[in-house]
Amino acid sequence: MTGGPAPQGHKADGREDGRDAVGRDAGPTPRRDRLIGLFLLALLLFNPPLLRLFGGDGAMFGLPPLCAHILFVWAAVIAAAALLAERRG
Amino acid sequence: MAWTSVLFVSLAYLGALFAIAHWADRRAAAGRSVIASPTVYALSLGVYCTTWTFYGSVGRAAGLGVGFLPIYLGPTLLMLLAPLLLRKMLRIAKTQRITSIADFLASRYGRSPLLGGLVALTAVVGVTPYIALQLKAVAVSFDALTGNMGSVTGTDRLLFLDNGFLIAAIMALFAILFGTRQIDAAEHHPGMVAAVAFESLVKLVAFLAVGGFVVWGLHDGPGALFDAARARPDLHRLFAVDTAVEGGAWTTSLILAAAAVLCLPRQFQVTVIENTDERHLNRALWLFPLYLLLINLFVLPVAAAGLLRFGASLDPDLFVLALPLASGADGLALLVFLGGLSAAAGMIVVESVALSTMVCNDLVIPLLLRLRPAALERAADLSPLLLAIRRGAIAVILLLGYLYFRLAGSAYALVSIGLISFAAVAQFAPALIGGLYWTGATRRGALAGVAGGTLVWAYTLLLPSFARSGWLPVSFIEAGPWGVAALRPYALFGLEGFDPLTHALFWSALVNFGLWLGLSLFDHADAAERAQAAAFVEVFERTDAADAPTDGRGVVRVGDLSRLLARYLGPQRAARAFAGDDPDALAGPKRLRLAERLLAGAIGGASARVALASATPGGAVGTAELLRMLDETSHALAHSRALEIKTAELERATDALRAANERLTTLDRLKDEFLSTVTHELRTPLTSIRALSEILHDDPGIEEDQRRAFLAIIIAESERLTRLINEVLDMAKIEAGAMDWAIESLDPARALEQAAAATAGLFQERGVRLDSALPADLPPVRADHDRLVQVVVNLLSNAAKFTPPGGRVTLAAEPGNGAVRISVTDTGPGIAPEHHDAVFDRFRQVGDPMTDKPAGTGLGLAICKGIVEHLGGRIGVDSRPGAGACFWFTLPLLHGPSPGDLSSHR
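Chains as they are written, first to last, in the UniProt record's numbering: chain A, 1 to 89; chain B, 1 to 906.
Same shape as in the complex, but just chain B:
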């Protein structure tokens, strides 16, 4: 293909990206941002897949089989923890106005400029070669497409006019245009994110297209392709487990990738800084892994097809492009090239914007504040300077990347940089994750951990990669520096048998985590640092941090603060911040914190603190006083927060106590009512027994008929007493679970007839008709005969009592649904629906105690309920006032489900 047409298409595509970014920025300015969508957010996370994925995965798969996959399984696993981990990071970043991962760590550990600088420096050193790798991939794929397959760089052209430089320049322009628009780095960059999301789509479509072409176009589906590969003994390694997991490489890459998706500056940028809504995580936590799955679906087939076709004659990294080219599918090859270009462009732009923010806020500004405070103070408006620093940083970072690419070329140091970069940024993980959950982690611990881990990383991975590239003697790896065997970088202290990455991860993690944990355990953080740690760890319990206490003291005037803000943020924002305040008034802690927060959004938390201090007119004394006030404010906030928690706890305890007390009072009242009812019921028969006995005792001449009648009443009343007492005892037994049961198979009809016969007299006496509707062939049930009779008798006598003379009561039974349903229907006054549950409560008499005379002990139905539920049935009532009542219960059939399944204890 002619290189002019490829160049033209590339430029047109990049032009389209600029247009998309511009359009997205315009829409965001109009209040309809495209990045306020969970799907766009999830797609933008796809910036994780660089050319290292697009071209390099196939290369890795050609050597390691499925061993390339942990790089994508790690992020999948980490995203499952999003509700635990990422949500918290998002919330913190929002409340603290975080601008980058360096700023995040610095802010967590007492706003330490040193830690911020260290993280920024590590990130730049670890990631710049990674940018070089992207430039190389674009250059190589460009050459391959235009027919220079195999030549590594376009060295035949002028030094600074090769396509690597062109790409770097265009990307720098893009990053500057869409990544450094506003001075507030904590704000979003809708144009950049929209373009990245679009690029994610393009590279996915391109890879799926080439994958489908290779699998179904060049071979007859995956089965045929893998069969062909399996027939070749030299390709067996592609399918073997040992190739993938040898030396611990599998688990190591998994851990590194999970850490990288959290700590890579570009991932932190798109995941945390560019997030517009925490709820977008719900979509991203599955859509991003799905994206990773799809883009890797055809990697192994393409690798196998490439090896079948080209064998060892071609760099496997180029298979994706070479397969369609060799088959004459030029259009597809061009699409693949654009996919690779997208992968490179997205990575370069986001990474350089993220790095430039760090370089500006955590390296340059702190240095300027320390070295040239006077010069900064003279300037009225520093925002052009800040933007210039960031733009310059982007240009310098991309230039460094380009130079590295030119110098390292095909050296090992560049080829292997992907995982080496992952290992570098993984050094932030212990301090980052630990700092989210443990308030005790201190600044010194984090500094030592990150520094120690990074040094070990450099010694065990970076320097050996230089040695393998020929920039250091190879003996450095084989014999150790100065021939000291214990210091061999791939076998430190004689630790052998692991692959270099696992070896490096082990030692760096040991040093990093050990120093971080050890120093933190034996360190005492000052109040300000502790307050800041609490602000991170307890971010979800915290109320708005802006309501700091106000007091009359102050060392800075509002006018001074306003000028300081104007210097960094521009005059408009400063004027908005202190609108309506008297410039000569002293700024109390509240205004100081507001200023600090606003500054943090522009230049990072650590620099904001230093900039504030430098603004104090009173020299060293004034500065100390101002810092003390800021710290006190943090401290006071922490205190008031602690108080707030205590108050809330106290309130909750009080509420619980009040509820328990109310319940006890109710129970107590019920008990009293019950006792008075029972006493009353006991006293009536006792009184009549006693009166009649006294008459019989005092009057010996009483007539025989009279005496017999009296004795009959005494007997009847005694029986009533016995019944009452039995009932109380029954209830007590049921409550205590001490009732004796004789559960057996029985015919319900017999028990029902017996109960009807037992209450026949009562019905006759009341003038109520009792109808029975009992089918002849009722199935047997599991029940206790006596208890069943007791329940039915109780329901029938209730019905007799509440049905006016001339009414009708129906006793019915019908089988159905694994049980027999027995009902007693009356034509009495009925029960209001709100009492349907209450009638079965023990001690509970539905009825107004002031007007209605209680008609019983309040135990009858409670006993029925206890019995029925023990037998595995249910009991209830259907009724409306004025329309009679139907009390019903069920008994499980003998062959139905076991009673336990049917019972429904409320």
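Pulled out of the complex, with its shape left as it was, chain A reads as follows:
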């Protein structure tokens, strides 16, 4: 009933086989994929079916709702793109 520690012996490696050479120069893929995801999201938010949700009268932050929606989404998309694009690595 043991399993004893002893001062010296084999090395305990053998776990480094998980890393495989990735296809060369395909670009930083996660970043590219996230930007494409952002593109699809922006495409949805900038187009008619959703735009009609903001067609009412009244004001958001003093602006017409449609105008406020577009400006807000636009700024958010740009901020997200900047975060994704300028992050190192």
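If you're looking for bench data, these hints aren't it; they were derived computationally from the structure. For glycine and all other residues, C-beta sits at the position ideal for the given N, C-alpha and C. Not one of these hints is a red herring.
If you anchor each label on the Cβ, the simulated ranges turn out as follows:
(1) B:279 with A:61: 33 to 43 angstroms
(2) B:743 with A:53: 48 to 58 angstroms
(3) B:526 with A:86: 40 to 50 angstroms
(4) B:227 with A:41: 28 to 38 angstroms
(5) A:44 with B:227: 25 to 35 angstroms
(6) A:41 with B:201: 27 to 37 angstroms
(7) B:216 with A:44: 30 to 40 angstroms
(8) B:586 with A:86: 48 to 58 angstroms
(9) A:30 with B:475: 53 to 63 angstroms
(10) B:817 with A:53: 46 to 56 angstroms
(11) A:41 with B:643: 39 to 49 angstroms
(12) B:237 with A:53: 12 to 22 angstroms
Starting from the known structure of chain A, fit chain B onto it as the hints suggest.
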């Protein structure tokens, strides 16, 4: 304002632009180019915003509300695809030495001069009126500023001395000076780009200034302004969704703008040709959309304020200028005028340089090569001719723009030209984008697609705009040509209910995409075209294209090639290209490709091919042989590329196999070692049981005491055997997940005391002291009592075994961090840090098998680890050699987080 002072300020401003361009060129020559900056690159993309944005957006907003925005949302969306799309275009343009979008398409589709010419022609026809629009905007704003509000052109002055002509002339001079410096059109134009980036800043500042003035100077902030507008029923359309999206206009403009930002000659010029570093895209992909957002921020407020102030009495395109003028802010009005001038100047210069490159490389040179090859051959140095053609083309394009402006004036054809131009260049998009990803797209498909799409565009947009300007009978629109209703240009084949632009986009896209796709699917491209297609689609997998195979054959001498290069590029570059080569040697495929690449940078890929062919001395036979060699080279490159990919794949597979094999070998060795250990452990008790039993069996006269002692040993050894076998079974069960668990709330102290009691005998036997440090009030934990005892007993007996007599072992427990931490500390020899993980591996005995006798099966700690992790805890060891070891594990508290969150499987 006096027109002389406005003129003076304008000229001073344009002079400053010349100075900036000159300075940037000088810096670039000194190796410190200002355009090697991502921010300058992003700003230069702002050439997208012409006077059509600067003055026209407000006009569109006055009619459509937020309906003007898709023109800027489209580019925003497209820039998000930059890593996918633009990066690839940049890489291709760099490797192929592309000079324009016409050259890009021609090179992609088998270096087709026909396609290049078609694209160049479409671009000139579609975009020249757009230049006219810029001239008109400058002229009108000039008149407005000098007090001739409402008069459309300065017709009171001499025909060729109005300010439209002046602007056109100055812009031509600028474009010629800074856009046609070198013969290599694939090179950058730092002066031009720097000036354009500066202009982008000026027009942004001007628009923000006028916007702030209108919103906070003339009204009390946006809220008050929009409240005032909302109070007017006739302005409700500004805020309604229907105004913006009616008839599909919204989505159509979005698509057209996204295509235009890719295909407009000036955008292609600044985005692709003038790019110095692919990484600049990372900045541009958000900074350019941010620029668009900022310059459009005040468009709707200015439109609303203008409508409130002037109503329908003034062209809304002039609101930007008229609002500050009417409020007496003359300085601001002058700044606005300079902003508009910047917008016009940037567009005119870049567009005319881009168009002139196309006209020269894809229209004039191919025609000259075909019609007057002998004349070209006689000339020793053609570079002055090439530059003259480009400069002439700039002058002609701007003159055409000016004439169009004079003739069309305020006609509908000019006013609406912005989106009509977008629709024209959008015809390049299917062949351009499709050609980047699909090798199967062929030359005939692209030719038919672009030609068909352009014809439909002309029929459904251009001709009706002529009709609306009065140059064609209006019945052409209303009743169709010759009264055929099915051919009405705004309702082709009876398709009604869309706005004209959406209608035109639908039909032209259908014809364009359909022909491109259909013909490509049923077409067979020749080897050269396929190789060229692969060079585009697989640009990221390709190695340097220059290492073409060399062979001894050849039809052209190096001297001939050198003379040909000298003719187009000038003698210095030719001498550099073939420095050290024997002029009488035959030029093999490698040198041919080098020459082709260099020529492509100057006169475009398609013309380069024809020029090379014309240089062959051997007449038709020699020409055919030379073209065959060039194609073979491309073919061989494609082949060697395919081989390279296969080799790389093979290598990767081999590596994976080797790694798997090594792992299997290790596992196999471990298994062997384990088996021999287990066998050894099993054999020792078996041997003693057997020996003692034999003695008892063979010697009936053995004494009673002796017999009892022997039987006691037999029983003890059997027990040891049973334990060993149980342990192997336990391990197998844990591995297979088939262990029976009785997990419940329990007091850890009781289990620890039980374990200590069970191993007390062992400690006594070894002469080691066992101390317990168990607090009285340990919280209950979730665990299986028997398994917990098993773990602690295992750790304690290990400690007893490895601690020399006279040593000390401490069993401790303490609550903390949602768990109870139990530790067994000994004063034994300790474990080197590199083995800390390994001791818990199954089958793994830390110790040199040659010198150390294994002290167990190698399963005890692996079983402990399996049990602890199943219970949701962690196990580990802290130790240094010579300083004892502390084995510890944790058990989650009954009321702590669920076990799944705590377990940390490696």
